[in-house]
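From first to last, the protein sequence lines stand for chains A and B. First residue of the first sequence: 1, per my numbering; consecutive thereafter. First residue of the second sequence: 1001, per my numbering; consecutive thereafter.
The hints are simulated quantities; they were obtained by calculation from the structure and are not laboratory data. Some hints here could point you the wrong way.
To be verified - Here are a few chain A residues that face chain B, going by a calculated C-beta distance under 10 Å:
| no. | residue |
| --- | --- |
| 1 | VAL8 |
| 2 | VAL65 |
| 3 | LEU87 |
| 4 | THR92 |
| 5 | THR95 |
| 6 | GLY135 |
| 7 | ARG185 |
| 8 | PHE188 |
Stated by the list, open to error - List of simulated lysine-lysine pairs, BS3-like, C-alpha gap at most 30 Å:
| no. | chain 1 | residue 1 | chain 2 | residue 2 |
| --- | --- | --- | --- | --- |
| 9 | B | LYS1024 | A | LYS99 |
| 10 | A | LYS195 | A | LYS99 |
| 11 | A | LYS195 | A | LYS7 |
| 12 | A | LYS71 | B | LYS1178 |
| 13 | A | LYS16 | A | LYS195 |
| 14 | A | LYS71 | B | LYS1024 |
| 15 | B | LYS1157 | A | LYS195 |
| 16 | A | LYS99 | A | LYS7 |
| 17 | A | LYS71 | A | LYS16 |
| 18 | B | LYS1024 | B | LYS1157 |
| 19 | B | LYS1024 | B | LYS1178 |
| 20 | A | LYS71 | A | LYS99 |
| 21 | B | LYS1024 | A | LYS195 |
| 22 | A | LYS16 | A | LYS99 |
Virtual Cβ for every residue (Gly too), placed ideally from N, Cα, C.
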Amino acid sequence: MPPNQPKVLNRFDITKRLVALLRNDEAVVGGIGNTNFDLWAAGRRPQNFYMLGSMGLAIPIALGVALAQPKRRVVALEGDGSLLMQLGALATIATLQPKNLIIVVMDNRAYQITGSQPTASAFGTDFVAIARGAGIQQSDWALDEASFEQLTARALAEEGPSFIAARIDDEPAVATTERDPAQLRDRFMRGLGVKE
Amino acid sequence: MAAKEEQSGTAGHSWHAIVQETLKRNQVRLVTYVPDRVLTPLIRALHEDMDFTAFATTREEEALGILTGAWMGGMRGVLLMQTSGFATLANVLASLAVPYQIPLIMIVSERGTLGEFNLGQAMVCRTMRPVLQSLGIEHHTITRIDELEFILDRSIKQAIATQSPACLILSPLLTGGKTFSQ
Chain A
1 MPPNQPKVLN RFDITKRLVA LLRNDEAVVG GIGNTNFDLW AAGRRPQNFY MLGSMGLAIP
61 IALGVALAQP KRRVVALEGD GSLLMQLGAL ATIATLQPKN LIIVVMDNRA YQITGSQPTA
121 SAFGTDFVAI ARGAGIQQSD WALDEASFEQ LTARALAEEG PSFIAARIDD EPAVATTERD
181 PAQLRDRFMR GLGVKE
Chain B
1001 MAAKEEQSGT AGHSWHAIVQ ETLKRNQVRL VTYVPDRVLT PLIRALHEDM DFTAFATTRE
1061 EEALGILTGA WMGGMRGVLL MQTSGFATLA NVLASLAVPY QIPLIMIVSE RGTLGEFNLG
1121 QAMVCRTMRP VLQSLGIEHH TITRIDELEF ILDRSIKQAI ATQSPACLIL SPLLTGGKTF
1181 SQ
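Model the full structure from these sequences, guided by the hints.
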């Protein structure tokens, strides 16, 4: 169990808090389902990428952006179930130590979108302990809203990689992302200055 | 063995040197791979070449995700794997690389044929081309060293121009493959 029993936060609320802290056209990669939907609802930014399908790949995609653009901060927003599907990615990131990568995991302890089956974190799996064990030293639970903002601000200002986990409630996402992959990709590339 | 050495070439003209040079000429700089015995000389050469950033990933899907992000960030890459690794990719090809129009370059060291000793490898090899076919992914099997540069170079250029994945399958006829004694 995470120490100090982090407060149960709300995904849409902390997604908005995260986006409000972005000042330098940081890239944000939303994983499948609710993390992505709430990112979409938090305001359209050309530096946001919305993944549809390919469960588990938000963190690897964010790592790829971070390697291609080392001067830009890159945030991966991922769910607990998705992270469990690709835990090895944390070890790869620990090996490479990309200074500009921030991982945010929204842990509602359930595969919410498929019927709220419990994930391993419902039985005690601690993602911060896993991230630290993988070798990402800057790994923390957000204890409340203010703590989430402090951790995020620190991760945006200091050298990473950073890993932030947040316990969240079971509120559904507030909107649904437009499902047009080619357009989502094209907008993101323009947002990153790769295409004019 | 003499025939194999002639086919594989000597240093500088070996299949892996040609792959290395052709990737470099096409500004393919990021190399993600899941290790494979046959690909070892190529992987070693890419690690030693400062023009490349090369690292192992824990799964082929992860490697594909990294290359997708890198492409969108303006960096070209290549995924190196063996046949059984390709078999883990159908979902992420269908949900990420193909619909998002990513010019993902895949190089597969072919196992499961021409002297395979592991039944599992032989079975999974049979799934590779039907998956590529059904997803409409351009793919070529390279058997001859004199055709390697042309096929790889043109396939990279076509993938980028058409924003589509491409898969190059390196046959044991080219690489020597993996045999019982190894």
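| field | Ascending list of hint numbers which this structure does not respect | value | Checked against the structure, the hints that fail are numbers 1, 6, 11 and 12, while the rest are satisfied.
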